[in-house]
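Line order of the protein sequences matches chains A and B.
Numbering follows our numbering, in which position 22 of the first sequence is assigned residue number 22; successive positions increment by one, without gaps.
Numbering follows our numbering, in which position 6 of the second sequence is assigned residue number 6; successive positions increment by one, without gaps.
It is possible that part of the hints are untrue.
[To be verified] Calculated pairs, EDC-like style, for lysine to aspartate or glutamate (alpha carbon to alpha carbon, straight line, at most 16 Å): (1) B:Lys21 / A:Asp295; (2) B:Lys51 / A:Asp368; (3) B:Lys70 / A:Asp368; (4) B:Lys54 / B:Glu23; (5) B:Lys70 / A:Asp366; (6) B:Lys54 / A:Glu60; (7) B:Lys22 / B:Asp7.
[Stated by the list, open to error] If you want the ones that stay clear, here's a sample from chain A, every Cβ over 12 Å from chain B, calculated: (8) Asp72; (9) Glu74; (10) Leu306; (11) Arg369.
None of these hints come from the bench; they were simulated from the model.
In this text, a Cβ means the ideal position worked out from N, Cα and C, and glycines have one as well.
Listed here are the chains, written in short residue letters.
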Amino acid sequence: MTDATDATPSVDVGQLLARADAGEPLLLLDVRNEDEFETWRLEAQHPLGVLHIPYFNFLENPEACIARLPRDREIVVLCAQGGSSAMVVDMLGEAGVPARNVTGGMVAYGEYLQAVPVPVDGAGWQMWQVNRRGKGCLSYVVRAGREAIVVDPSRNAAWYERFVQALGARLVHVLDTHVHADHLSGGPLLAAGAGVSYSVDAGADFELRHAVQPLADGQELRLGDGADTVRVRVMATPGHTPGSTSYLVGHRHLLTGDTLFLGSVGRPDLGGHVHEWGQILFHTLRDRFGALPPDTLVLPAHYAGLAEIGSDGVVARRLDQLRRVLPELQLKDEGTFVEAMRAALKSPPPAYAEIIRANLAPTPIDPDRATELELGKNQCAAATISAPS
Amino acid sequence: MERKQLDVRGLKCPVPIVRAKKEIDVMKAGDLLEVFATDPGSVSDFQGWVKTSKLAALREQRTETDPAGKAIYVHVLERLA
Chain A
1 MTDATDATPS VDVGQLLARA DAGEPLLLLD VRNEDEFETW RLEAQHPLGV
51 LHIPYFNFLE NPEACIARLP RDREIVVLCA QGGSSAMVVD MLGEAGVPAR
101 NVTGGMVAYG EYLQAVPVPV DGAGWQMWQV NRRGKGCLSY VVRAGREAIV
151 VDPSRNAAWY ERFVQALGAR LVHVLDTHVH ADHLSGGPLL AAGAGVSYSV
201 DAGADFELRH AVQPLADGQE LRLGDGADTV RVRVMATPGH TPGSTSYLVG
251 HRHLLTGDTL FLGSVGRPDL GGHVHEWGQI LFHTLRDRFG ALPPDTLVLP
301 AHYAGLAEIG SDGVVARRLD QLRRVLPELQ LKDEGTFVEA MRAALKSPPP
351 AYAEIIRANL APTPIDPDRA TELELGKNQC AAATISAPS
Chain B
1 MERKQLDVRG LKCPVPIVRA KKEIDVMKAG DLLEVFATDP GSVSDFQGWV
51 KTSKLAALRE QRTETDPAGK AIYVHVLERL A
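Looking at chain A on its own, in the form it has when it is part of the complex:
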């Protein structure tokens, strides 16, 4: 009863997003309960027509529910995990209304990864931004010659293994920009599977319980072979967490983690030290990022809305543009900055303490629990503050 039979017409999340982004007129029939529907929605770059009718309404009153459905567009049915929506698709089929089930539902949406090439200057190396659409999480694959690194991988380590393999490259190092609080890192598992080093700076406040290769501020990792090489410079950029690290790939591609986003800066409150971490963040933004060239391309670990995705599909902005538009980067003194951070405080991400614990632990947690912990969008950015007057 729960699983779609082979006969249940279906569409996977990747196909659905591609079609919806292209502006195809689809009706998304969301059959989750009210709470789940209110908390977290499927979003596409082109606004989707959405109708919300919980699946149990179809059980109680199928005719009335079916009568509400438009017939001028293809109907795709979505639920939390794909079981209830498959039942509704089958009911609709019996009533002569064609529809498709979104395979795996919101769980599959939350785990779907989309690799987008990032334009780079010159030859010899490539970068992909891996967009986890359902969460607004971004990770990166950098390849030079036959070597590749992955930065901030999501939990699905096997996806990155396959991606790097398909490039004809081998993984040589896995990096995290910081101990994540909103999603589970695939870093330790990915590194262990490939037998390569994993690096993350947990800082003094977090006790990391798996092996890492420590990296020093200013250290350079050399990736690639022969003429195809690129250097990755390690930059200590504390504030969002005390160990937060940015990676400058080549001359201008800056992986900022949760330190700097396109619409705001990283929230400095998740360790319970908004004052101290806020001061540190101010100096990182002013002194470290302030010293970088204006054409530095900021590539963050999260985005807040689909509008941040550029026409080339990449979430990135030049540092000089961010300096112009982000009020957080225009505040001139530490005290004002910390006050602004404090005033903009919002509730922490759900389950963040447990997620941090899991990311510090030596073994991955139960997959069902992992799915539960990761439900919903990321909330790692400081709430947007208004422009300084």
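Using the hints provided, position chain B relative to the given structure of chain A.
Quick look at chain B alone, frame taken from chain A:
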């Protein structure tokens, strides 16, 4: 007045609601159905379902923990009319 139990542990939606509805449909007014589920989504699903059902009311929801530490969501339903 009868009190019946329904074990849907390990089963995902829509099974807990589908099975509970099947039971409720053949029960008598005043009978109670105690549903044991492990799907956390069942908590809101049962709350939502009883709003549309003319035959079921939700009398109690509680969370228990099994010996392995896993949460069990218990829903107590009453057959109306």
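| For the pair supplied as a hint, lysine 70 of chain B and aspartate 366 of chain A, is the alpha-carbon distance within the 16 Å limit? | holds (11 Å)
| field | Hint consistency between lysine 54 of chain B and glutamate 23 of chain B [alpha-carbon to alpha-carbon, up to 16 Å] | value | holds (14 Å)
| request: Hey, is arginine 369 of chain A genuinely clear of chain B, shortest beta carbon separation above 12 Å? | output: Since the minimum Cβ distance to chain B is about 9 Å, arginine 369 of chain A lies within 12 Å and the statement is violated.
| field | Verdict on leucine 306 of chain A as a residue remote from chain B, using beta-carbon distances over 12 Å | value | Given a closest Cβ separation of 26 Å, the condition holds.
| task | Report holds if the minimum CB distance from glutamate 74 of chain A to chain B is greater than 12 Å, and violated otherwise. | result | holds (23 Å)
| message | Just to be careful, I want the Cα atoms of lysine 70 of chain B and aspartate 368 of chain A compared with a cutoff of 16 Å; is the pair within it? | response | Holds: lysine 70 of chain B and aspartate 368 of chain A sit about 11 Å apart, inside 16 Å.
| Under the criterion that the straight-line Cα-Cα distance not exceed 16 Å, is the pair lysine 51 of chain B, aspartate 368 of chain A satisfied? | violated (29 Å)
| field | aspartate 72 of chain A remote from chain B - nearest C-beta pair above 12 Å | value | holds (27 Å)
| task | Could you grab the alpha-carbon distance between lysine 21 of chain B and aspartate 295 of chain A and see if it respects the 16 Å cut-off? | result | Violated: lysine 21 of chain B and aspartate 295 of chain A sit about 62 Å apart, past 16 Å.
| query | If you draw a straight line from the CA of lysine 54 of chain B to the CA of glutamate 60 of chain A, is it 16 Å or shorter? | reply | holds (9 Å)
| field | Agreement of lysine 22 of chain B and aspartate 7 of chain B with the hint, judged by alpha carbon distance not exceeding 16 Å | value | With a Cα-Cα distance of about 13 Å, the restraint between lysine 22 of chain B and aspartate 7 of chain B holds, given a limit of 16 Å.
Comparing the model with each earlier hint shows violations of hints 1, 2 and 11; every other hint is respected.
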